[in-house]
Amino acid sequence: MASQPPLFKPFRALGYITEDAPFAVQRQGKETFVTVSVGKAWQVYNCGKLTLVLVGPQLPGTIRALAAKGDITLAAVGNSIIVCKRVHRLCVLRGHAAPILQLLVLGNLVLSLDTSGQLLTWALPGGGPAGGAAAGPGAKAAGQAAGSAEAADPVPQASMQLPAGFRPTCMAHPDTYLNKLVVGSEGGQLLLLNFVTGSVLYTFKGWGCAVRGLSSSPALDVMGVALADGRAALHNLRFDETVVVFSNAAGVGLASGMLAGGQAMPGPEQLSAGGGCRTLAFRTGPGVPLMAAAGGAGVITVWNLESRTLHTVIRDAHDAAVVALHFFAGEPLLMSA
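Its first residue numbered 1, the sequence shown is counted upward by one per residue in the UniProt record's numbering.
In case anyone wonders, no lab produced these hints; they're calculated from the structure. Hints are all accurate, no fakes.
Below, in silico cross-link-like pairs of lysine to aspartate or glutamate (EDC-like), each with a Cα-Cα straight-line distance of 20 angstroms or less:
(1) Lys40 x Asp20
(2) Lys180 x Asp240
(3) Lys205 x Glu241
For each label pair, taking beta carbons as the anchor points, the in silico distance ranges come out as:
(4) Gly70 x Ala97: 24 to 34 angstroms
(5) Val87 x Gly107: 21 to 31 angstroms
(6) Val25 x Pro57: 18 to 28 angstroms
From the three backbone atoms N, C-alpha and C, an ideal C-beta is built for every residue, glycine too.
Could you build the full structure based on these sequences and the hints that come with them?
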């Protein structure tokens, strides 16, 4: 017997902050906003006081990844990307055959990476004349809809398949590297690729364990790499040289000897419990150059990049794994989720 439709269905989630998908941060004028996932919906907070300013519509599934620019919010649900202009659905980006891992907005382009290694490049729907002209059939209608009705779905501008056997985990855009991406993998290797030409430019051997997060540092050519064994590495992309490796940057166990940058590593039991390093963030502007790191332990460690020593530990920062960190530009303020 077919199940009857429920009397009530979800409309708005209240009282939650965020779930497993990393948040998306954007600055508009003098204010900074963060978009977070809450089950099958997303919410936008003003970072000044963490006040709720916008609640998105209910989506057909759990959000796997988020990205935002201006009034446009992109949420990856399964193999598709649902695009909203403020709270109204604008269109759906379809083209992936596997679940989407991550979204990245670069100017008027959207990059989406899935678990099979397919990388798609899209024009940002509703992103202005440049984006609308390149988005393919339906882009003009999407702009005219202005959020009142869902428009025809755009098509990807370009598609790239990563090498066979390369299982991607994350991606990041190195600052000043035009049309370039760095992609991390389960095997520990990094790929430097050009997403416009669809070519792999260089393969970095890695550190012998899975890469869980990537973050471009303020130093030219240097990329921060979060590793599954709890380490955090700073790697120079131009010379393929590791600048420094911080042991147990995830803060597993909170033992001072392990947090001093020595050779001690978390044990297998701790790693199996999810104690690896998952996310990094770099402080910009005046003052001491700092890097924050966190992972499955719920602890945030902050490192002095000048002295290459531990600066501070934020113990019990979260009850569960930390999935995202963000230093506000030019300010000594750190946001975590």
